[in-house]
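Student: Guided by the hints, dock chain B onto chain A, whose structure is given.
Each chain, written out:
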Amino acid sequence: MCQVDEDYQEQLQQAEVPSVSKKCVKCKEAPAAVVIRAGDTFCRGCFKEYFIHKFRAMLGKNRVIFPGEKVLLAVSGGPSSCSMLSQVQEGLSQNAHKKLRFSPGIVFVDEGGAVGQSVEERQRTLAELQAVFKATGFPFHMVPLEQVLELPSSVLVTAPALSERPAGAYKAAVDRFIQSDSSSSVPPRQQEETSLPHVQESHRQLLQQLIGSAKTQTAREDLLNTLRQHLLVHTARTEGYSKLMLGDNCTRLAVKLLTSISLGRGAQLAQDTGFSDSRYGDTILVRPMRDYSAKEIAYYNRMFSVPSVFLPSLDTKTTDKSSIQRLTESFVTKLQADFPSTVSTIYRTSEKLQTACRSSSAADHWDRCLLCMCALDTAVEKASAFKATLISEQLSQTKSPGASSAELQRQNPAPVELESAAPSGDCCSSGGENCVKAASGGGCCSSAKVPETSDLKTLLCYSCKLTIKDMSSVERLPQYILSEAHRRQRRSQMREEISDFLLDDEDDGDQGD
Amino acid sequence: MPVLCSNCVDKRAVLKRPKTGHSLCKECFFWAFEEEVHQTIVAAQLFNPGEIVGIAASGGKDSTVLAHVMKLLNERYNYGLELMLLSVDEGISGYRDDSLETVKRNQQQYELPLKIVSYEELYGWTMDAIVKQVGLKNNCTFCGVFRRQALDRGAIMLKVDKICTGHNADDVAETVLMNVLRGDIARLRRCTAISTASEGEGVVPRCKPLKYAYEKEIVLYAYFKKLDYFSTECIYSPNAYRGHARTFLKDLESVRPSSIMDIIHSGENLSVREGVKMPVQGTCNRCGYISSQALCKSCVLLEGLNRGLPKLGIGKHHRLHGKILSQQPLTEKEERKLKSADF
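Sequence lines, in order, name chains A and B.
As numbered in the numbering used here, the first sequence has no gaps in its residue numbers, which increase by one up to the final residue, 513.
As numbered in the numbering used here, the second sequence has no gaps in its residue numbers, which increase by one up to the final residue, 343.
Just to be clear, a hint being listed does not mean it is correct.
Said to hold, decoys possible - Dumping the calculated DSSO-like pairs for lysine-lysine here, alpha-carbon to alpha-carbon at most 30 Å: (1) 159(B) with 61(A); (2) 225(B) with 277(B); (3) 250(B) with 334(A).
Claimed, not checked - Computed far set for chain A versus chain B, every beta-carbon distance over 12 Å: (4) 23; (5) 116; (6) 135; (7) 147; (8) 269; (9) 281; (10) 309; (11) 310; (12) 311; (13) 346; (14) 352; (15) 476.
Since the hints were made in silico from the structure, they are not lab data.
For every residue, glycine included, the Cβ atom is placed at its ideal position computed from N, Cα and C.
So here's chain A without its partners, still in its complex pose (with noise of 0.2 Å):
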């Protein structure tokens, strides 16, 4: 109903009622045991290696892990993670059929202190999630979230890809993989006895203070997203993983491809939502679930019974209009249920969507932005909806600043705006001419001034802009953010000051003459 190249089959006119005494499709044997799509009935051994197989072809198609690699799993304990983790065990177990080849890790990221569960109900999380973790035998990190509080400035920054690989590498790798070692399969390690993280009581309320910072529930999701994401990729880059394995599926990649239409990514969603997202240069992040729906994934973590732990996060519990992710999260759900190819149909315009990604360089900082690490698509141009935005601020307030300044802050408390910044800088009264063209502030004087909110949406994309915008005040942003914002506008300061005499900056554009 309503897609674009829509052929009614026969099938549509009459509706089958699938009865128990109906045979599996692919075998046509065995009593069939669970319905998939509307007409496919499978029974529990075809569904089995059909569930496995997509597993595979996933990751043989896309050729992307190499093997001999170290991938590092991120489970977050709920059902997608969980079954990919499993599907990787059943994978790399003797007697499978085309071994995988690379050696897996896990890393689990306790959001408890963001979320608000009590202490004891994370030890108890943690204590669960290590049992599951220490029976598959890989190398396993727990990672509390507020660990974000202690992260480098390098997390920010697009590492140089690592050796590129041309086309015929792959087949050559696998070749030489099996020929060398196809003896020795990889013993499970033992984990060293490692008691659960302790987390400080004061970084727990930091990090509380954070979250909380945010005004709005979409904001909060958004940034939590973020954190979380720059933990994941830090974790891997120390430990030495070059790939980072993610267990969004269909059903979830969906939603967060009309969210993120909601929330103004339109250039980064294939990053978003595509298989594989190198954004961050030398760890790529993985997305092999992407082709199970929900319904699949819940069948086969009860039949064939994969351990999962429910953690609750920030939307557990939450009205419908809480946040955009929410609310697009049950308009999906709610249009399936009418149509049930709506979330299919969605997938497969994510698959067909690229980066529009001008500058590919990873040597440039400024053309990326400061927490989603994707390339910026705020160049204002002629006709566009942001410049349409920026018009419409401007016309709705007085231009001269000074006196009315006052009134504005009084009945508009909107965020500060970018013309009309009022000059923050304390500092620069002091500092002479060269502090003339700080108007941001805490350029060339003091690197320990906290930025005004106005500063650092000059470094972000679009949508991450407005997740700033909904936050009171950014100085409680972790550290290595404030640090890096620093760097980035200290760089751009410079790069102004010199920019007559820099020739041939193919990074910049066109730069001067």
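Tutor: Same frame as chain A, now just chain B:
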């Protein structure tokens, strides 16, 4: 303590802008609204001096405000345009005949020439007759396809150089969402363009000067300016698929008012992977209108209506184009599939 307008800081504010949340007085709001449309027109270079521009007028709020603002800006900034009103009568009793009265009143108020084209004279079918044959589910497809061609034909009759329609920001955002939900990657790429391409015979370029104006602001403008418009929904609209996208958009707006502009921004910055199949523009073999298939959509729909096969045109029918063109009869199986209508 009364809130002061945030622009002139002089008069009392009487409204809060849905778009930015600022409180403004009446005059400042009028000025901001008109100025934004002017900036849109100038930045996108929508018009050239000396052109004849047809304003697609339905009598609803968008086209009434559009006519008013276009006339105002044309005089204020000397665009040098000759404006005309163009209206389409779909033949929906109880809805369209009333709104056409509003258009006639507008014509007198703004002193602009008016031309009305009707489905009856162009195609031989009114929407009421179409719904009787097609049912209540897919009739918006017929109306939309026919209206597009009707506007073009009317424009050619009036000899206008450009058409401008009253599509507002909410419409464009809804279209982006709907195209994602339907998987229509070709339209997704084009739908945020402010004006259509202008090459080809029989095609009049059309543009949307109100593209960045929120629907709520249009209503506010019309209310405070005491503009006269017709405000009932089309009686056949409740079952349209677009309704789902619209409800979602309204909900989004209530969570975060800037969502509408955010969606348009997303739509403008999308890019499609190379190698994805896109339709190629050609002409219809029967009527000569632009089309990406052998037969244009309205010819196919008309054929279906005339033959009593209402489903022809809804769903895949490329294979049947050859048969229709060469006047071959359809097989019984094909006829059976195309006959059933949903009521």
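Student: Hint by hint, note whether the structure agrees.
Tutor: To see whether the hints hold, each was checked on the structure:
Proximity of residue 159(B) to residue 61(A) is assessed by CA-CA distance (about 56 Å); at most 30 Å being required, the pair is judged violated. Taken as a hint, the residue 225(B) and residue 277(B) pair is broken in the structure, with Cα atoms around 48 Å apart against an allowance of 30 Å. For the hint pairing residue 250(B) with residue 334(A), the CA-to-CA distance comes to about 16 Å; that is within 30 Å, so the pair holds. No Cβ of chain B comes within 12 Å of the Cβ of residue 23(A); the nearest lies about 28 Å off, and the non-interface call holds.
In this structure residue 116(A) is separated from chain B by more than 12 Å, as the shortest Cβ-Cβ distance comes to about 22 Å. Once the 12 Å rule is applied to beta carbons, residue 135(A) is consistent with being away from chain B; the minimum gap is 41 Å. Look at residue 147(A): its CB is around 30 Å from the nearest CB on chain B, clear of 12 Å, so calling it non-interface holds up. For residue 269(A), the non-interface assignment is contradicted: its Cβ lies about 7 Å from the closest Cβ of chain B, within the 12 Å cut-off.
Consistency note on residue 281(A): stated as away from chain B, and its beta-carbon is indeed over 12 Å from all of that chain's, at 21 Å minimum. At roughly 30 Å from the closest C-beta of chain B, the C-beta of residue 309(A) stays outside 12 Å, upholding its exclusion from the interface. Consistency note on residue 310(A): stated as away from chain B, and its beta-carbon is indeed over 12 Å from all of that chain's, at 26 Å minimum. The non-interface label for residue 311(A) is consistent with chain B: the shortest C-beta to C-beta separation is roughly 25 Å, beyond 12 Å.
For residue 346(A), the shortest C-beta to C-beta distance to chain B comes to about 6 Å, within the 12 Å cut-off, and the non-interface label is violated. With a closest Cβ-Cβ approach of about 5 Å to chain B, residue 352(A) is found to fall inside the 12 Å limit, against its non-interface label. At the 12 Å boundary, the C-beta of residue 476(A) stays outside the reach of chain B, the nearest C-beta of that chain being 21 Å off.
Consistency with the previously given hints fails for numbers 1, 2, 8, 13, 14, ordered from lowest to highest.
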